[in-house]
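Trainee: Here are the chains, one letter per residue:
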Amino acid sequence: MLNNIKILALTIILIILTRMIGILPWWSFIIPVVALGIVMTIKKWSTAGFGLGFLAGFLTWAGANLYFDAALQGAVLDKLGLLLSVPAIVIVLLSGIIGGLLTGLALYTGKALVAERSIGI
Amino acid sequence: MMKKINTDAVFPLAALVMLVFALSRQMFMVPPLGKLLDPFIGAVQNEDEGRLNASALSIPGKELKAPVQVYFDKRKVPHIYAQNNNDLYFAQGYVTASLRLWQMDFMTYASAGRLAEIFSQKDFFDYDRNQRRIGILEAAKQSLKVINANPLTKEALTAYTKGVNAYIRQLSYREIPLEYKMLGYEPEPWSELKSVLVLKSMANNMTGYEEDLFMSKMILALGEENFNKLYPDYYENSTPVMNANKPALFAAAAPLKVPSYLDYSFLSSNSVIAESPYNPRLGSNSWAVSGKRTKSGFPILANDPHLGLSLPNIWIEMQLTAPGMNVYGVSIPGAPAIIIGFNEKVAWGITNGSDDVRDWYKLKITNDYKQYELDGQWRKLTYRVEEIKRRGEATFYDTVYSSVHGPIVNNRSFPGKDPDMMDMALRWELHRPSNEFYTFIKLNTAADYNDYKAAIRNYSTPLQNFTYAGRDNVIAINHQGSMPVKWAGQGKFILDGTRSAHLYTKYIPVDSLPQRYNPDCNYVQSANQHPTYDNYPYYYNGYYSETRANRIEQLLSKSDKLDIAGMEAIQLDNTNSFSAEALPVLLSKINRSRLNPQQLKDLDAVSQWKGNYDYEDKIARLYEIWWANTVFYTWDEFKNYRFYLRPPDKVVLLDLIRKDPDNKYFDLQSTAQRENASDIITDAFITSSNDFTKTRKEGREQWGDYHKVNLMHPTNLPAFSEMSLSAAGQSEAINATSRNWGPSWRMIVELGDRPKAYGIYPGGQSGNPASEYYNNFTKDWNKGKYYPLLFFMNSAEAKAAASSTWTFNTAK
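Heads up: the protein sequence lines correspond to chains A and B, in order. Using the numbering used here, read the first sequence as starting at 1 and increasing by one per residue. Using the numbering used here, read the second sequence as starting at 1 and increasing by one per residue.
Note that these hints are calculated values from the structure, not bench results. Any given hint might turn out to be false.
What the hints assert, rightly or not - To give an idea of the chain A side of the interface with chain B (calculated C-beta under 10 Å), a few residues:
id, residue
1, A9
2, L14
3, P32
4, V34
5, A64
6, I89
Said to hold, decoys possible - Computed footprint of chain B on chain A, listed as stretches where at least three residues anywhere in the stretch have a Cβ under 8 Å from a Cβ of chain B:
id, region
7, 69-80
8, 101-114
Stated by the list, open to error - Some residues of chain B that are not near chain A, with every Cβ distance over 12 Å (derived):
id, residue
9, L668
10, G704
11, F720
Where a beta carbon is used, it is the ideal one built from N, C-alpha and C, also for glycine.
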């Protein structure tokens with residue numbers, strides 16, 4: 001349980017730190033997350049892979065979108081919602097799902113790359 | 001122990017790569033969702049207005065000669081203070097781009113015929129081909145040569161371009177306008193050509209309408225006598241721009257003859273004419289009143305150009321200041337200088353000239369598109385190849401042939417919508433190289449009438465009515481632009497491309513163009529009406545509208561103590577002077593005995609009406625349906641013409657009701673008996689009263705319940721547009737609001753020791769749909785409010801009123 005919380009926090013911090021570097025492409029956070037997956041396996045931290053990553057990605061993307069929308073006091077999310085005829089919160093959830101899928105897959109990929117029961121290529 | 005790579009990882013890795021790929025690009029019209037919804041660089045970051053709200057922002061300006069200050073007032077109107085012209089236009093480009101980059105860039109794609117680069121649907125490719133073939137991009141290239149040959153305009157355009165590019169260069173993906181993110185492309189560098197394309201786009205909007213083929217078929221179908229009666233070039237009740245030398249007797253000009261070459265085999269008839277998005281009924285108003293007629297003793301100028309209403313608005317407000325220049329007004333994003341505005345000494349306004357400057361020549365061409373016939377000789381067709389890039393598809397190379405007349409727009413490879421337009425060459429004043437920037441840059445620094453005259457003297461396209469007022473109480477109006485010398489009817493109909501006699505080579509000399517200078521009545525006015533009476537020595541035709549001009553005349557002539565409040569009332573006047581004139585005529589003809597009690601009640605109500613389209617008016621809608629039905633019933637025989645475009649002008653119909661109520665056109669085709677004017681007016685009223693009773697029961701009876709205005713974003717996305725705004729006014733009232741056209745900028749300026757000016761446009765200074773400044777003027781505009789325009793006499797005043805300040809530093 002403690003491991004799970006640690007990994008969750010670590011993943012979120014990794015995503016945010018990577019995205020602070022302006023010149024990197026939008027998907028760049030995937031690489032440190034994959035690396036984290038590899039480290040997790042090597043260090044033999046027993047945690048869920050995809051699920052944990054999904055949660056971290058979801059929270060970061062949805063949370064950051066909500067945060068910026070509130071802090072900048074704009075209307076973009078509402079307008080994007082109007083565009084798809086859905087409330088703004090659906091846009092936030094959608095962004096969360098995208099962040100979640102990518103992070104979850106990345107963490108899972110990292111873990112799988114060096115899994116114990118590996119058959120060499 | 002080193003682990004080996006696990007095959008189990010191949011699938012999630014592949015899924016990850018594919019997902020990133022898919023989310024990075026636009027697919028099936030879905031925007032690149034990954035990038036767009038990324039909270040760190042995506043759409044939500046477009047809410048960041050740190051720069052626009054910064055109390056002090058320093059911008060590197062290595063390309064500048066001296067520092068430049070930009071003071072934004074509370075409404076985010078920039079007041080630019082530069083120490084030379086180069087720096088001024090650089091800053092104008094930079095600031096405009098920072099507020100409106102996507103809009104101005106998109107306008108150049110649309111104008112040049114490059115939309116297929118952004119949108120993959122086939123419609124856009126066809127649009128692009130048409131745009132190239134009518135020659136907008138080619139015309140812009142030719143005009144740029146002329147502009148670059150003039151040091152003044154070259155300097156302005158080069159500096160403006162550098163300024164836009166300085167802004168674009170420092171943008172990261174996070175900061176690019178939202179529309180780029182949505183549509184999945186990025187800003188390209190600005191160029192001088194793009195600025196020219198912006199002006200050509202305006203010229204296209206104002207002169208792109210035509211009726212040549214329709215008129216040709218109509219004169220053949222109706223015969224000369226009927227045609228001249230139904231589609232005359234002049235109307236008796238008019239107040240032309242050059243409102244002088246009114247002929248004692250209205251002669252309806254010399255009637256046009258069916259040109260000898262024009263017959264059905266020439267046209268090969270029976271076709272449908274494509275609908276044009278342009279509405280010739282809509283235009284602009286502008287007037288100037290000398291101090292002899294104003295309360296203050298100072299002259300007042302008013303202008304409200306009517307254009308397609310859009311978000312962002314076509315205009316952006318600013319003040320430009322440099323040594324020798326202090327000018328305020330509106331500029332078009334993408335083009336340097338102020339287009340409509342005022343300085344300390346003069347004010348000017350513009351309205352569309354509405355003349356027909358677009359003519360078609362039917363050619364005789366060899367089957368291989370190598371040669372065409374002119375005066376019995378075969379001449380070589382020239383051609384150019386247009387490269388049309390397409391998103392997700394191979395580049396298309398389109399060959400456009402040209403004769404001496406102009407480009408052949410529709411041919412075998414691009415048939416267009418109308419087979420009759422095949423192999424016709426387009427001659428259009430827009431094609432002729434011209435330098436409109438010169439006029440506007442010179443107007444910006446004009447100090448008196450002579451400066452004004454010199455500035456507009458070489459202005460050619462699109463033909464405009466320039467209204468002028470000087471602090472020294474000089475007022476003037478000029479119908480200015482290239483107006484070809486034509487024989488009667490030339491260009492109203494399709495011309496014969498095989499005869500050189502059909503080509504016009506001369507233009508009306510500038511000094512003979514319609515104009516007025518300090519007239520005795522002490523005001524001048526234009527509202528897209530005829531420029532002259534029918535005694536003008538030159539033939540011309542166009543798409544004029546007299547109604548608003550007649551109303552402006554009524555209102556201006558009534559008072560000799562005019563002031564700014566009075567001018568506002570005139571600009572916001574909701575009366576359609578034609579409706580007011582037509583109503584008593586309709587009432588005199590209606591047969592009351594055929595009406596039931598409800599209809600009689602409605603008739604009593606409508607008889608009190610004064611032609612007023614106020615928001616709360618409960619009669620306007622009833623009258624509108626009544627008149628529309630009358631028009632429809634009268635000209636019902638034309639519905640059978642497959643090429644039918646529009647009925648004769650309303651003035652013609654009213655005249656017919658008055659003077660010839662038994663005319664055959666009043667007879668309905670669908671009935672056995674023969675109707676007269678009185679019968680169909682009564683029929684029309686019964687239908688409209690019944691219709692109106694129905695909607696009244698639904699609770700809709702005010703004019704504002706029906707009359708809706710839409711401010712559309714160029715992508716037509718409702719989320720970025722302002723839809724269905726209930727509005728006062730009507731397309732032919734001075735307050736000419738309609739579904740998607742209307743007063744795009746209202747300005748009133750009183751000159752004096754210090755200009756007093758008021759203005760407003762629908763929209764807001766920012767083009768960013770996420771911004772609080774995107775649409776913050778619209779409510780006030782719709783309520784008829786005006787903002788005081790803060791014209792500062794010096795930078796200290798501007799600084800004191802600034803809500804944010806940008807400084808361009810030259811430090812390396």
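Trainee: None of the hints should be skipped; say for each whether it holds.
Mentor: Hint-by-hint comparison with the structure:
| no. | hint | result |
| --- | --- | --- |
| 1 | A9 | violated, 18 Å |
| 2 | L14 | violated, 13 Å |
| 3 | P32 | violated, 14 Å |
| 4 | V34 | holds, 8 Å |
| 5 | A64 | holds, 3 Å |
| 6 | I89 | violated, 13 Å |
| 7 | 69-80 | holds (count 9) |
| 8 | 101-114 | holds (count 9) |
| 9 | L668 | holds, 45 Å |
| 10 | G704 | holds, 24 Å |
| 11 | F720 | violated, 7 Å |
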